[in-house]
Amino acid sequence: MLLDHTIQFIYLIVFSIFWRERLKIYTPKDFPLPFETVITIGSFDGIHLAHKALFEETKKLAHLLNVKPVVVSFDPHPRMVLFPESNLKLLTTLEEKLYLLSLLEIENLVLIPFTKTLSELSHDLFVQEYIVDKIKAKGIIVGFNFRFGKFRKGDVDYLNKVAKKYNFIVKAIPPVMLNGVIISSSAIRNLIEKGNIESANELLGRPYLIMGKVIKGKGRGKEIGYPTANLEVSPLKLLPPPGVYAVWVILNKEKLKGALNIGKKPTFGEKEISIEVHIFNFNKNIYGETLKIELIKRIRDEKKFPSIEELKNQIEKDCKLIDEILH
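Numbering-wise (the UniProt record's numbering), the sequence shown opens with residue 1 and increments by one.
The set of hints was computed from the structure by calculation and includes no laboratory data. Be aware that one or more of the hints could be misleading.
[Stated by the list, open to error] Taking lysine-lysine and the BS3-like style, the derived pairs with C-alpha atoms no more than 27 Å apart in a straight line are:
| no. | residue 1 | residue 2 |
| --- | --- | --- |
| 1 | LYS297 | LYS284 |
| 2 | LYS304 | LYS257 |
| 3 | LYS237 | LYS255 |
| 4 | LYS171 | LYS138 |
| 5 | LYS257 | LYS194 |
| 6 | LYS292 | LYS312 |
| 7 | LYS222 | LYS304 |
| 8 | LYS60 | LYS134 |
| 9 | LYS60 | LYS138 |
| 10 | LYS194 | LYS52 |
| 11 | LYS150 | LYS89 |
| 12 | LYS265 | LYS297 |
| 13 | LYS136 | LYS52 |
| 14 | LYS29 | LYS59 |
| 15 | LYS52 | LYS138 |
| 16 | LYS284 | LYS213 |
| 17 | LYS317 | LYS264 |
| 18 | LYS29 | LYS68 |
| 19 | LYS134 | LYS116 |
| 20 | LYS320 | LYS257 |
| 21 | LYS24 | LYS213 |
| 22 | LYS264 | LYS222 |
| 23 | LYS213 | LYS257 |
| 24 | LYS237 | LYS257 |
| 25 | LYS320 | LYS255 |
| 26 | LYS265 | LYS194 |
| 27 | LYS24 | LYS138 |
| 28 | LYS237 | LYS253 |
| 29 | LYS59 | LYS161 |
| 30 | LYS255 | LYS292 |
| 31 | LYS303 | LYS194 |
| 32 | LYS237 | LYS264 |
| 33 | LYS60 | LYS165 |
| 34 | LYS218 | LYS265 |
| 35 | LYS216 | LYS89 |
| 36 | LYS237 | LYS52 |
| 37 | LYS136 | LYS171 |
| 38 | LYS134 | LYS52 |
| 39 | LYS222 | LYS265 |
Bear in mind the structure is a predicted one, so any value in this text is a computation, not a measurement.
Construct the complete structure from the given sequences, taking the supplied hints into account.
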């Protein structure tokens, strides 16, 4: 089941409390920041290997300048505001982004609400008002193709041009390549949409993540000997194609093997897409818990079986294969 969409910023207070031990989150109410910074700025959808390169350079320069390293990001994703008709789906929801940043030991995040008003701000005013006055940047780390401001007129050349005026250092990171491919959110999104999880994971530098809350289902899995946890997932999340996937399931500090099914369960005549996971050798009540699902490999398409018995036989084969994959 998909969670009804609400503005993700509503969740920010909850997340700030949840991640407070690892990640300090600043919003416009905290401007101007009470400290100087080195920043990297972007949407960072996916938190992939190229993003990690930016984060590492930010930490290095911040250490050199004896200021705080800060990741500056936006919510919602700018494309959702500027091009709502594109129906963009996210590689990482806000909740997932905060979790992944905390795993990377990012200490400070500035989260700016992206609005049409903000998009109308010129590149020079964005630098002066946000980067300099509000965020107090002494260093800026960006990707080679970074663009910002109204009509995307701001770029690396512009930042270098005004660096002396505003007394900050600019460093642009060249493309991060893997197997001849420039790592980007678009490239990863394309792979996920095709169900090519293994290639996507290579560009991510980690397994593709889906976070969801366990909700009540119809109990059909339990009836046939393979109980499943039904997941409520953000409608903003990019899901791979319907099918069965080998996954790791993270519940609190436990990491468990699982078989994830995404689809309409055609054998039962369902019409809505559901997301459910069978956790191996597990029988605890986890309703209301948030599961982190790490996708490892797509093992087959969704299929309608002529009988429940044939479905059970296939699930048994799926689980054996997944057990071998995850060994």
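Hints versus structure:
Taking the CA atoms of LYS297 and LYS284, the gap is about 25 Å. The hint holds against a cut of 27 Å. A threshold of 27 Å between alpha carbons decides the hint, and for LYS304 with LYS257 the separation of about 24 Å falls inside it, so the pair holds. For the proposed pair LYS237 and LYS255, the alpha carbon gap of about 22 Å is at most 27 Å, so the pair holds. Our distance criterion of 27 Å between C-alpha atoms is met by LYS171 and LYS138, whose separation comes to about 11 Å.
The hinted pair formed by LYS257 and LYS194 meets the criterion: a straight-line CA distance of about 23 Å does not exceed 27 Å. The straight-line distance between the Cα atoms of LYS292 and LYS312 is roughly 26 Å, inside the 27 Å bound, and the hint therefore holds. Pair hint LYS222 plus LYS304 holds up; C-alpha atoms about 19 Å apart against a cutoff of 27 Å. For the proposed pair LYS60 and LYS134, the alpha carbon gap of about 22 Å is at most 27 Å, so the pair holds.
Taking the CA atoms of LYS60 and LYS138, the gap is about 13 Å. The hint holds against a cut of 27 Å. A threshold of 27 Å between alpha carbons decides the hint, and for LYS194 with LYS52 the separation of about 24 Å falls inside it, so the pair holds. Between LYS150 and LYS89 the CA atoms are separated by roughly 24 Å; this keeps the pair inside 27 Å, and the hint holds. Simply put, LYS265 and LYS297 have alpha-carbon atoms about 20 Å apart, close enough for the 27 Å limit, and the pair holds.
For a cut-off of 27 Å, the pair hint linking LYS136 to LYS52 stands: about 22 Å separates their Cα positions. Restraint check for LYS29 and LYS59: the C-alpha separation of about 24 Å stays at or below 27 Å, so the hint holds. Proposed proximity of LYS52 and LYS138 is supported: the alpha carbons are some 20 Å apart, at most 27 Å. Taking the CA atoms of LYS284 and LYS213, the gap is near 15 Å; set against the 27 Å cutoff, the hint holds.
In summary, the hint linking LYS317 to LYS264 is supported, as the alpha carbons are separated by about 20 Å, within the 27 Å threshold. Only pairs whose Cα atoms come within 27 Å are accepted, and LYS29 paired with LYS68 is accepted, the gap being roughly 19 Å. Of the supplied pair hints, the one linking LYS134 and LYS116 holds, its CA atoms being roughly 19 Å apart against a limit of 27 Å. In summary, the hint linking LYS320 to LYS257 is supported, as the alpha carbons are separated by about 11 Å, within the 27 Å threshold.
A hinted pair counts as satisfied when its Cα atoms are at most 27 Å apart, and LYS24 with LYS213 qualifies at roughly 24 Å. Straight-line distance between C-alpha atoms of LYS264 and LYS222 comes to about 17 Å, which keeps the hinted pair within the 27 Å bound. Note on LYS213 and LYS257: the hinted pairing holds, with a Cα-Cα distance of about 18 Å set against a maximum of 27 Å. About 22 Å separates the Cα atoms of LYS237 and LYS257, which keeps this hinted pair within 27 Å; it holds.
Between LYS320 and LYS255 the CA atoms are separated by roughly 18 Å; this keeps the pair inside 27 Å, and the hint holds. Under the criterion of a C-alpha separation no larger than 27 Å, the hint pairing LYS265 with LYS194 is consistent with the structure, at around 20 Å. The straight-line distance between the Cα atoms of LYS24 and LYS138 is roughly 19 Å, inside the 27 Å bound, and the hint therefore holds. A hinted pair counts as satisfied when its Cα atoms are at most 27 Å apart, and LYS237 with LYS253 qualifies at roughly 24 Å.
Note on LYS59 and LYS161: the hinted pairing holds, with a Cα-Cα distance of about 23 Å set against a maximum of 27 Å. Our distance criterion of 27 Å between C-alpha atoms is met by LYS255 and LYS292, whose separation comes to about 9 Å. Annotation: proposed proximity of LYS303 to LYS194 holds, straight-line Cα distance about 17 Å (limit 27 Å). The hinted pair formed by LYS237 and LYS264 meets the criterion: a straight-line CA distance of about 17 Å does not exceed 27 Å.
Between LYS60 and LYS165, the direct Cα distance comes to roughly 23 Å. Compliance with the 27 Å bound is thereby established for this hinted pair. For the hint linking LYS218 to LYS265, the alpha-carbon distance of about 12 Å falls within 27 Å, and the restraint holds. Restraint check: the Cα-Cα separation between LYS216 and LYS89 comes to about 25 Å, which is no more than 27 Å; the hinted pair holds. A distance of roughly 21 Å separates the Cα atoms of LYS237 and LYS52; the hinted pair therefore holds under the 27 Å criterion.
For the hint pairing LYS136 with LYS171, the CA-to-CA distance comes to about 16 Å; that is within 27 Å, so the pair holds. For the proposed pair LYS134 and LYS52, the alpha carbon gap of about 24 Å is at most 27 Å, so the pair holds. For the suggested pair LYS222 and LYS265, the alpha carbons sit about 15 Å apart, so the restraint of at most 27 Å is met.
In the structure shown, no violation is registered for any of the earlier numbered hints.
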